[in-house]
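Undergrad: The lines below spell out each chain.
Protein chains: 2
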Amino acid sequence: MVDFKYYTPTEVVFGKDSESRLAEMVRKYGGNKVLIHYGGGSVVRSGLLDFVKSQLDAAGIPWVELGGVVPNPRLSLARKGIELCRKEGVDFLLAVGGGSVIDSTKVIGYGLNYDGDVWDIYDGKYAPKACTPLGVVLTIPAAGSEMSDSAVITKDEGMVKRGFSSNLCRPRFAIMNPVRTFTLPPYQTAAGVTDMMMHTMERYFSHEDDMLITDAVAEALMRTVKQCGEQVLADPENYQLRAQIMWAGSLAHNDLTGCGTVSDFATHGIEHELSATYGATHGAGLAAIWPHWAEYVLAENPTRFAQFAVNVLGVPNDFKSPERTARAGIAAMVDFYHRIGMPANLPELIGRPATEAEIAEMAFKATQGKKITLGNLKKLDYDDVVAIYRMANKA
Amino acid sequence: MVDFKYYTPTEVVFGKDSESRLAEMVRKYGGNKVLIHYGGGSVVRSGLLDFVKSQLDAAGIPWVELGGVVPNPRLSLARKGIELCRKEGVDFLLAVGGGSVIDSTKVIGYGLNYDGDVWDIYDGKYAPKACTPLGVVLTIPAAGSEMSDSAVITKDEGMVKRGFSSNLCRPRFAIMNPVRTFTLPPYQTAAGVTDMMMHTMERYFSHEDDMLITDAVAEALMRTVKQCGEQVLADPENYQLRAQIMWAGSLAHNDLTGCGTVSDFATHGIEHELSATYGATHGAGLAAIWPHWAEYVLAENPTRFAQFAVNVLGVPNDFKSPERTARAGIAAMVDFYHRIGMPANLPELIGRPATEAEIAEMAFKATQGKKITLGNLKKLDYDDVVAIYRMANKA
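These protein sequence lines are chains Y and D, in that order.
Position 371, counted from 1, in the first sequence is what the working numbering calls 522; the numbers after and before it change by one each time, with no gaps.
Position 326, counted from 1, in the second sequence is what the working numbering calls 477; the numbers after and before it change by one each time, with no gaps.
Mixed in with the good hints, there may be bad ones.
Pairs involving identical chains hold if they fit within one copy or between any two copies, as the list cannot separate such chains.
List time: in silico BS3-like cross-link candidates among lysine-lysine, alpha-carbon distance up to 27 Å [what the hints assert, rightly or not]:
| id | residue 1 | residue 2 |
| --- | --- | --- |
| 1 | K184 | K471 |
| 2 | K167 | K529 |
| 3 | K306 | K471 |
| 4 | K471 | K545 |
| 5 | K156 | K184 |
| 6 | K167 | K156 |
| 7 | K280 | K179 |
| 8 | K156 | K204 |
Since the hints were derived computationally from the structure, they do not count as laboratory data.
Please read all numbers here as calculations on a predicted model, not as lab measurements.
Please build the complete structure, drawing on both the sequences and the hints.
TA: Here's what the structure looks like:
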């Protein structure tokens, strides 16, 4: 195991009555004037946005609002948010939505504490010193951004998608009411389940496989998410199932499942280009890539993939061959993706094979112009990434 | 499942090199003048205390010191610490040791922010508004106080042991170096393992048994601690085993394993009187009580005890009878306690049976003069507590 740090200061308020504590939490963390940041659609239709506003109004906390966040959130809207907050003297940011809204909010928080262009942080030109405090009312369990140190944003020009991680942007509080997730469509539910499992898998597939506590917790989490993910699609208003999934999404990305391991995140890096190029839903893109990444890197640590197959997916252990067990695990994962309505290759994701030109460009962008490698279990260069896209391109 | 809050702001620095970051962490959390609080013996002999002082000296951070904390820490020493800190203008408290030292430090932190007697907090006469910031250099994995909201203290007059919980006292940082635990004697190692398993068990045995994620994480944690606890006694300088146990001790009591459950803690309440009366090591006292508590309350939720037996202890499931499976689990737990050198009843703990007069007095004090009940799975009154002490009194 490797030395590690663990820091998850986000105060979680979880349950049916959690939203009634919103104004109290904003006050507790110093909010005097609030930006309510959101997407559109469901938070408006469900009445949640009005409820949030009424809670702040009742507490006498002034607010301004900015909607319009889209999946794979854009830098242009975050810049607009920074400008609005400066003009209005906002000192607290409230994200009402899922990962895209939260990430956009974090970017606004960074931007408010920097005189230059906030993209400088994503370009490696500036290391942020502060982030305006933010809170979350979560509506989509998936990205785990409500407790994570991560913020991913897409620059509109050239659709360049980049991530940046720092403890500065961890939300001060996260309000989670599983009832709000009852109406999530099946595709979005399944993509969320895929994303949270992948957040744990990205930390699990490591050469460091002697951190028993972390392994046991990670396997417990993945098993439970898989089981509840299948069940909830047939029973979408089951509070218990929705609650498991919602809480698992936070635990999967607040670093708990990475204590003592070296995380990989190559699948995330390879997927980001699918979102940018085809507008793919992040979770669905991950499902289209992972089986092929797994096949490509399996030889690096076959017993690890065998352990995953047996302990997470319930595949019978072929004691004579970790490789065979490992491959049976990858096949079981493909089955699982299909059962929950996720794709398991590129044609299933985008409706046709990717062209060779697209593959070349995505691999070029994913490796920042052949300048970086992705992942740790196996460090993947441009040629490796091309090979994985090609493997994923077969139906 | 029940609604829950989850708040674990402690910044953990874990690993072989963690101690070198001490001064940096003290500065980060605003320490300008530090009280170094400790017990004696091992932290002096091992050179850790000198190392801590040298780190602060090198960073130009002034400090004063107060040693002498004993197991089941005393109010009298905490009062002395409060006086010393006031006189010296201390603004940051550093606990170097295990649970007793950390708890004593928390009591000092409360006392520094209250003009009256700090025992008022434990007597229910005053609700604290603040606690001076504190950090931890952990040397004994057991109590989990390094991330918990709990502080237990014993009033010297009458040896009254009480606990108080509040987020105010959660440590700002915890430095954990498993190497520091290599020299822990077997009895203390085993008592620590027992304590951390019990922190999870106190949250696990609940009528709320539909929080699947929490159950899965709790079972994973208990299984791993049990396995590593047995192995480490034969291999005390095994870094990997010591690391699992050290990290598990924090996770077992930072509330992670209680999300969505209703915790019990009757065994803790019943044990506290054994520590106060006989000077028993807390973990050993827990082992002497738990099997009898379990037997006494089993009928409240037999399937829960069966699940524990199968999923944590590896007992074969008797599908025709959860009760039989449950009882086999209690027997397996007794076996485990004996294997790691822990007692499983009162005569094994104190070398003789307790007298009826002692039992009556302990039950009286545990129920605060027959005024409160203990636990939630079954609410135990004075007569119940007497019955459990009597069951535990048979060798």
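Undergrad: The structure should be examined with respect to each hint, and the outcome stated for every one.
TA: Here is what the structure says about each hint:
| no. | hint | in the structure |
| --- | --- | --- |
| 1 | K184 with K471 | neither (64 Å within a copy, 61 Å between copies) |
| 2 | K167 with K529 | between (43 Å within a copy, 26 Å between copies) |
| 3 | K306 with K471 | neither (50 Å within a copy, 61 Å between copies) |
| 4 | K471 with K545 | neither (30 Å within a copy, 50 Å between copies) |
| 5 | K156 with K184 | between (33 Å within a copy, 25 Å between copies) |
| 6 | K167 with K156 | between (32 Å within a copy, 12 Å between copies) |
| 7 | K280 with K179 | both (22 Å within a copy, 14 Å between copies) |
| 8 | K156 with K204 | between (37 Å within a copy, 23 Å between copies) |
Checked against the numbered hints given earlier, the structure breaks hints 1, 3, 4 and satisfies all the rest.
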